[in-house]
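S.K.: Residue strings, one per chain:
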Amino acid sequence: MRNFTLLLTLCMWASAGHAQRFVTRDAQISFLSETPLEDIQAESLAASAIFDMATGELAFQAPILSFHFPKALMEEHFNENYMESEQFPKASFRGVVAGLVPDKEGEQMVTVTGTLDMHGVAKERAIEGTMTRDGEWWIVASQFEVACEDHDIDIPKVVSENIAEIIGVTLRAELKLK
Amino acid sequence: MKKGCGVLALALTVVLSPFVSWGQDDLMNFFGEEEKPTVVTSAFKAGRIINVQSPETCGEGEMNFIIAHRFGRLSDGWYDLFGLDNAQMRMGLDYGITDRIQVGVARSTFGKTLEGNLKWRFLEQMNGGGSPVSLTGYSVAMRDGLRLPEDGIERKGVHRMSYVHQLVITRKWSPEFSLAVIPSLVHRNLVDRPDRPNDVSTLGVGFRYKLNRRMSVNGEYHYLLPRPIEDGLHNSLSLGLDIETGGHVFQLHVTNSRGMFERAFLAETPGRWQDGDLYFGFNINRVFQVRETR
Numbered sequence: 000m001r002n003f004t005l006l007l008t009l010c011m012w013a014s015a016g017h018a019q020r021f022v023t024r025d026a027q028i029s030f031l032s033e034t035p036l037e038d039i040q041a042e043s044l045a046a047s048a049i050f051d052m053a054t055g056e057l058a059f060q061a062p063i064l065s066f067h068f069p070k071a072l073m074e075e076h077f078n079e080n081y082m083e084s085e086q087f088p089k090a091s092f093r094g095v096v097a098g099l100v101p102d103k104e105g106e107q108m109v110t111v112t113g114t115l116d117m118h119g120v121a122k123e124r125a126i127e128g129t130m131t132r133d134g135e136w137w138i139v140a141s142q143f144e145v146a147c148e149d150h151d152i153d154i155p156k157v158v159s160e161n162i163a164e165i166i167g168v169t170l171r172a173e174l175k176l177k
Numbered sequence: 000m001k002k003g004c005g006v007l008a009l010a011l012t013v014v015l016s017p018f019v020s021w022g023q024d025d026l027m028n029f030f031g032e033e034e035k036p037t038v039v040t041s042a043f044k045a046g047r048i049i050n051v052q053s054p055e056t057c058g059e060g061e062m063n064f065i066i067a068h069r070f071g072r073l074s075d076g077w078y079d080l081f082g083l084d085n086a087q088m089r090m091g092l093d094y095g096i097t098d099r100i101q102v103g104v105a106r107s108t109f110g111k112t113l114e115g116n117l118k119w120r121f122l123e124q125m126n127g128g129g130s131p132v133s134l135t136g137y138s139v140a141m142r143d144g145l146r147l148p149e150d151g152i153e154r155k156g157v158h159r160m161s162y163v164h165q166l167v168i169t170r171k172w173s174p175e176f177s178l179a180v181i182p183s184l185v186h187r188n189l190v191d192r193p194d195r196p197n198d199v200s201t202l203g204v205g206f207r208y209k210l211n212r213r214m215s216v217n218g219e220y221h222y223l224l225p226r227p228i229e230d231g232l233h234n235s236l237s238l239g240l241d242i243e244t245g246g247h248v249f250q251l252h253v254t255n256s257r258g259m260f261e262r263a264f265l266a267e268t269p270g271r272w273q274d275g276d277l278y279f280g281f282n283i284n285r286v287f288q289v290r291e292t293r
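Sequences listed follow chains A and B, in order.
Quick note on numbering that gives the first Met the number 0: the first sequence kicks off at 0 and runs consecutively.
Quick note on numbering that gives the first Met the number 0: the second sequence kicks off at 0 and runs consecutively.
There may be inaccurate statements among the hints.
[Stated by the list, open to error] Footprint (simulated), chain A over chain B, 3 or more residues, beta carbon under 8 Å:
no.: 1; region: 35 to 45
no.: 2; region: 54 to 61
no.: 3; region: 244 to 251
[Stated by the list, open to error] Just a few of them, taken from the derived set where beta-carbon distance is under 8 Å, the chain A residues facing chain B:
no.: 4; residue: Asp51
no.: 5; residue: Leu72
no.: 6; residue: Glu79
no.: 7; residue: Asp116
Read the hints as simulated data drawn from the structure, not as lab findings.
Bear in mind the structure is a predicted one, so any value in this text is a computation, not a measurement.
For every residue, glycine included, the Cβ atom is placed at its ideal position computed from N, Cα and C.
Whole structure, please, built from the sequences with the hints as guidance.
M.R.: As structure tokens, this is what we get:
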């Protein structure tokens with residue numbers, strides 16, 4: 000019993016001490032709202048991401064204000080009326096990667112199960128994507144959908160023909176060994 | 000002996016657990032590092048609080064068409080339908096050269112005045128380090144277009160001109176509440192009475208309080224700084240409501256100033272609230288993106 004506890008504690012200690020971490024501060028996240036009337040697209044090149052190979056934890060964080068739109072008014076409405084970015088300045092995702100072979104080079108399909116926190120509402124999600132090992136880099140890519148309703152993002156009737164209920168998100172990050 | 004084992008294990012876990020949990024927190028700590036200050040945006044909804052400039056400008060490549068009315072005196076009663084029979088109008092077009100520099104032209108029926116203006120938000124309020132306020136400079140040149148009276152006095156084109164320069168100092172205190180302090184200098188090349196000074200200064204305050212995501216209550220007051228003589232002109236006070244619907248901002252208000260360009264409402268407001276000299280009016284702002292830049 001004692002030996003086992005000691006071993007377990009030491010193992011955790013060791014893994015925390017020798018964590019192999021891959022990070023980036025310029026992950027690219029874009030989203031698209033598609034309706035018959037209008038397509039609205041925005042992109043951020045300022046998201047951060049970290050992947051801990053020892054624990055399999057993967058986390059993303061994006062400042063809402065870093066999303067830029069082709070039209071200034073869209074950006075204002077996005078921040079003021081929908082995301083309320085002053086109150087909720089960041090969107091984040093933190094999860095654990097399943098199905099990854101750490102030392103395998105090349106693309107692998109993965110599922111990351113964790114919490115997507117946006118507009119002050121946290122949702123449990125299992126998000127699929129790919130992870131590609133390239134030496135001291137991990138390239139993470141994913142496409143997934145976010146329902147505005149899931150995160151209490153209100154779309155008033157007047158603009159419901161211009162803004163989609165389900166937003167398509169595309170993400171690409173190149174994480175480098177820290 | 001068995002009990003001792005358990006105690007030792009517990010002790011070990013307690014001693015070592017700070018290290019372990021330190022390791023986990025560190026993952027999120029990564030996001031905390033390198034936090035950059037961010038610009039505070041949207042202190043007001045539209046380019047004007049009511050009459051006076053807010054710090055907001057058109058975004059780069061954006062054009063804002065403003066159509067504004069001030070009706071007749073509310074105290075005129077049923078005969079003039081509380082002023083609705085008589086409207087003064089101003090049509091303006093603003094364009095964003097950059098996200099912070101804007102130029103505009105406008106025409107008012109009031110004095111058949113044509114104006115050209117320049118607005119520059121040269122300092123942004125920042126969150127997390129940086130300036131606590133935003134500073135915006137605004138200059139406008141106004142040309143009176145009325146026919147010259149035939150009174151034997153020789154007037155040149157330059158006598159039609161007047162100018163206003165102002166500094167809009169704004170702080171957005173919370174997502175709901177923004178406050179502005181606005182000192183202005185009014186210069187008239189020619190005044191209509193010999194006892195009126197060519198230069199008048201005012202000190203104004205304005206606010207915006209958001210009721211919800213689409214509506215806000217706005218107000219502004221301009222205090223005429225002491226002049227050499229009493230000239231029968233009064234401070235301008237306006238209260239209003241902003242309503243935003245997608246591409247439009249509707250501003251509805253009540254004011255004692257009927258002119259919608261700076262010289263008129265800052266320096267030449269003849270009526271007072273307490274005398275019933277109140278005018279209902281609106282501004283409609285419609286934004287067009289004429290050049291996509293990002």
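S.K.: So, A/Glu79 near chain B? Judge it on the closest CB pair being under 8 Å.
M.R.: holds (5 Å)
S.K.: Taking 8 Å as the Cβ threshold, is the statement that the region 54 to 61 of chain B is covered by chain A upheld or broken by the three-residue rule?
M.R.: Three-residue rule met by the region 54 to 61 of chain B, so holds; n is 5.
S.K.: Examine the region 35 to 45 of chain B: at least three residues should have C-beta closer than 8 Å to a C-beta of chain A.
M.R.: Holds: 5 residues of the region 35 to 45 of chain B have a Cβ under 8 Å from chain A.
S.K.: Hint check: is the beta carbon of A/Asp116 less than 8 Å from a beta carbon of chain B?
M.R.: Not OK, violated: A/Asp116 not within 8 Å of chain B, min 11 Å.
S.K.: Confirm or reject the coverage of the region 244 to 251 of chain B by chain A under the rule of 3 or more residues with a beta carbon closer than 8 Å to the chain's beta carbons.
M.R.: holds (count 3)
S.K.: Do the numbers back the hint for A/Leu72, that is, is its least Cβ distance to chain B under 8 Å?
M.R.: holds (5 Å)
S.K.: With chain B as the partner, please determine if A/Asp51 meets the hint condition of a C-beta pair closer than 8 Å.
M.R.: At about 6 Å, which falls below the 8 Å cut-off, the nearest Cβ of chain B leaves the hint on A/Asp51 intact, so it holds.
In this structure, the one hint that does not hold is number 7.
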